[in-house]
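Student: Residue numbers (this note's numbering), protein chains in the order written: chain A, 776 to 1065; chain B, 4 to 276.
Derived by calculation from the structure, the hints in this document are not laboratory data. Incorrect hints may have been included.
[Claimed, not checked] Partial chain B-side listing against chain A, Cβ under 7 Å, derived: (1) P26; (2) L98; (3) F210.
We put the CB at the ideal spot given by N, CA and C, even for glycine.
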Amino acid sequence: MTAGQRARRRRGLLLVAPALAVLLLLTGYPSLYVLWLSLQHRVPVFGIAEFAGLGHYAFLAQDPRFWSAVRTTGLFTVASVLLELGLGLLVALALQARPRGRRLGLSLLLLAWAMPAVVTAKLFEWLYHPSAGLVNVVLGGWALNWLGDPRLALPAVILSDVWRTMPFVAILAYARLLSIPAEVYEAAQMDGAGRLGTLRHVTLPLLRQIVMIAVLFRTLDAVRAFDIMYVLTGGGPANATETLTVYAYRSLFQMLQLGFGSAIGMIVFALVMTVAWAYLRLLRREGVVT
Amino acid sequence: MKRLVHALPDALVLLGLAAYAVPFFWQLLTSFKPEAELLRLPPLLPTRLTLDHYRVVLEQSLIPRALANSFGIASLTTLLALALGVPAAYGIARLAVPGKNLLLLAIVGSTAFPQIATVSPLYLILRSLGLRDTWMALVLAHTSFALPLTIWLLAGFIREIPHALEESAAVDGASTTQTLGRIVLPLLAPGLASTALLTFLFSWNEFLFAYTFTATEASRTVPVALALFPGVYEVPWGDIAAASMLASLPPILIVLVLQRHLVRGLLAGAVRE
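Isolated chain B (complex conformation) (with noise of 0.2 Å):
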C-alpha cells in the first residue's frame, strides 16, 4: 500500500506527460508524413520524412497571407490596447478616479462578457462603418475584449512598484506626465512586456469575431483560414497540420518566453483585487 502512494504520483506524472506530449507530437508526425501513409495505421511512424505539407501550405494555400493579417491585426490590437490601458490603468492604481469601485467592476464584468451576445450588434456597426473585411474592424473588435484585461494585469504590475518613488518624485516638481515617463515606465517594462504578449496571444488565437467580421483574404486571420481550409475531395489531413503547425509557432515562442511570468502571473491575474 505505502509503495502504492509512493509510486502512483510517478505513474500520473508519465501518463500526463504522454497525454500532453504524444497529440502535440502526433500533429508534428502528421505534418512531415507523406500523403500515402497518412491514412494507413499501422505503421504509426512514417517511412520517410517529407516537407511537402509546407511546401504546399507556404506556396498554394492562403496561410501565409493569413499569418501576415493575423501578425498585423494582433500587433496592432496590442499598440491600441496598450496606449489606452496604460494611462487608465495608472489612474485606477494611483490616482483617484471618482466611482473607481464601480468602474474596477465594469472592467472586470466586461472580461467575462460572451462574444456571442456583442457579434450582431459589432457586426452591424462594422459594416455601417464600411470596415467589414478590413484589418481595422478586427483590431476593434479585439480591443473590445483585450483593453479590460491589459488594463487589469497592468493596475496590478503598477501597484508592485513602490509607491515612493513617484511621490518623491511629485515632491521634486515632477508633472504626472514626467513621473509616468521616467519612473513608472521604465520599472514597468517587464509586466508591459507581459502584458503585451498576452495580448497578442489572445488577438492571435481568437476566432469567432475573426470569423464573422472577414470575408476574403483581405482580412482572415490564421485560425479562420484554418478553420476553412479547403478540401475538394478529401481532407489534406497533412496540410493541416503543417498549418496548425505554423500557426502554433507565435504561441510557442510566447510561451517560451514567458514560461516563469506566465505561472506567476496568471495566479496574480486570479487573485488580484
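One chain only, chain A, in its complex shape (with noise of 0.2 Å):
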C-alpha cells in the first residue's frame, strides 16, 4: 500500500467514523440488546428482572396466540403483497398506455405513498363505518362491520394497506417502462407482434428485475407493518387482526412484559432477516444486484 493509498483510507474512515458510531449507538446495541431482554423476564413498573433463559421462546412455541399472530402475519403478508404487485402492474402499463389522466394519476398514487400510515388508517376506517361508511353506501347499503366483523377485519385491513402501498410498485414499475427506448417496441411491432404479444414477450420480461426488488421491499414491509392494523382495530376484533408486530407491541407495552414481547420482536427481527437473505440470494443468482 502506498502513502497516498494509506491516506485515503484513513481520509474515509474519518468520514464515515461518526455515521457508523451512531448507528452502532442506535442500531448495533440495542439489537444486541433485544436478545439480551428477550432472555429476561421482566416488568418494568415492578422492577422485576430475573433471567429466563429460553424460557419466552419455549412458552411461545406452544402459545396459540402467537400461532394465530404468525398465521396473521402470513395471510397480510401475502395477501397485501400479491395483491399490490397485481394492481401496481396493471397501473403501470395503464399509465403507459394512456397519457391522458397521467400527470393525475401519478400525482394521486404518490399522495397516497406519501401519507402517514395514521392518516390512512383514519381515512379507511371512515370509508369502512357500518352506517356512514362510503364502502357500504357503494355497495348498495349493506350495513357490513367491517372492521368490528373478525372475518372482514382481515380482508379490510389488507385493503387499505394495499392502497396505500400498492403506488410504491405502480411508481417503480412505471419508471422501468419510461427507460425502455422506444427502439424495442418499434423492433417489436416489425417482427408482427401484437399489443399481447408485445406485452408478454418485451415488456414483462423487461419488468422482471423490478418486479422482484418490489416484491423483496413489500415483503419486508408487510411482514414489519404496524401502524396500519394498530391503528385501525388494535389487532382485534378477536384477535383477527393480531399480527407478531401488534402482539409484540401489545407485550411490550401494554401487559408490560419487557422479556416477552421482545422474544417476538426477535423472532419478527429473524424472520424479516430471513427474508431479507433469502432474496439477496435470489437476486444475486438473477444478477440483479453484485
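Reassemble the complex: the two chains are provided individually, in unrelated frames, and hints are given to aid placement.
Tutor: Have a look at this one:
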C-alpha cells in the first residue's frame, strides 16, 4: 500500500466514523440488547428482572395466540404483496398506455404513498363506518361492520394497506417502463408482434428485475407492518388482525412484559432477516445485485 | 374483442383514478361537513360547508402543538442525518474505506430492521438517559432509521457527479474538505434537497417510536395525536378529517416539489448497488 492509498483510507474512515458510531449506538447496540432482553423476565413497573433463559421462546412455541399471530402475519403479507403486485403492474401499464390523466394519476399515487399511515388508517376507518361509511353506501347500503366483524376485519385491513402501498410498486414499474427505449417497441412491431404479444414477450420480461426488487421491499414492509392494523383495529376484533408486531407491541407496552415482548420482536427480526437473506441470494443469482 | 382490448386501459385508468381520488375527496369533504350531516347518508353532498371542524382542531385540540413537535423533530432529524450522512456517503462513494462492502451491507441491512425489535431496548435506553417524552428521544430514534436511508441515497447522488472534477481539484492541491465544500456540495445540492425532504417525510410519518417514547403534549407528534384523538361519547369524524388534512399538508407539499424526482429517485434508490 502506498502512502497515498493509506491516506485515502484514513480520510475515508474518518468521514464514515461518526455515522458508523451513531448507527452502532442506535441500531447495533439495541439489536444486541433486545436479544439479552428476550432472555429475561422483566416487568418494568415493579422493577422485576430475572433471567428466563429460553423460557419465553419455549412458551411461544406452544402459545396458540402466537401461532395465530404467525398465521395472520403470513396471510397479511402474502395477500397484500400479491394484490399490490398485480394491481401495481396493471396501473403501471395503464399509465404507459394512456397519456391522458397520467399526471393526475401519478400525483394521486404519490400522495397515497407519502401520507402518514395513521392518516390512511383514519381515512379508511371512516370509509368502513358501518352506517355512514362510503364503502357500504357504494355496496348499496349493506350495513357490513368491516372492522368489527372478525371475518371481515383482516380483508379490510389488507385492502387499506394495499391502497397505501400499491403506488410504490406502480411507480417503480412505471419508471422502469419509461426507461425502455422506443426502438425496442418499434422492433417488436416490425416483427409483427401484436399488443398482447409485445406485452408478454417484451414488456413483462423487462419488468422482471424491478418486480423482484419491489416484492423484496414490500414483503419486508408487510412482515414488519404495524401502524395500519394497530390504528385501524388494534389487533381486534377477537385478535383477528393481531399480527406478530401487534402481539409484540401489546406484550411490551400494554401487558408490560418487556422480556416476553422482546422475544416476539426477536422472532420478527429473524423473520425479516431470513426474508432479506433469501431474496438477496435470489437477486444475486438473477444478477440484479452484485 | 379488439375494441375491448383498446377500451380496457381507459377503463382501468378511470377506475384507478377514482379509487385514489374518491377517498381523498371524501376526507376533504368530511372535514368541511356540518356535524349534523356527517352520519346521515344519503345525501352524499352536504347542504353547506363549514370551517367548524378546523376551528375546533386548531383552537381546542393538541393538534397545533403536535404539528409544532412534528415539525421540530423532523427538521432536527433531517439535520442530524445529513450532518452525519454527507461525509459518510462521500467516504463510501469516493474514498477507500476498509471493509466497505460489509459496511454497505450493514447499512442496507439496517434499513430492513423491523422497528418492533428495537423499540424495547431503545425505550429502556432513552428512559435511563432521562429523555422520555422529549424531542431528543424521537430525534435519536428517528435518526436510527433515517441515517442509513440518507447515506444510501446520497452515495448514489455522489456517484452521479463526474469524478474528474474532484480529481482535478486534488491535482490543484485542494484538500478533501475543500473538494467536498467547493465542488461536491454545490453539485450535490439537488440530491441533497431530495434526500432532506425524504428524510423529513419519513420522520414526519413515523408512528411506532413516536407513540412509544412520548407521553404528553411536550413531544407528541401529529400521527400520535391523530391516533389518540379524544372522543368521549362519539367519534368526532369531522374533527379527525380536519386534523388528517393538516397532518397531510407537509407530505402533500413534499410530493408536489419532488414529484418528478420521486419517480426517478425511487427507481434509482431501489436498483442502486
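Student: Each hint needs a verdict: does it hold in this structure or not?
Tutor: Verification of the supplied hints:
1. P26: holds (6 Å)
2. L98: holds (3 Å)
3. F210: holds (4 Å)
Against the hints set out earlier in the document, no violation occurs for any number.
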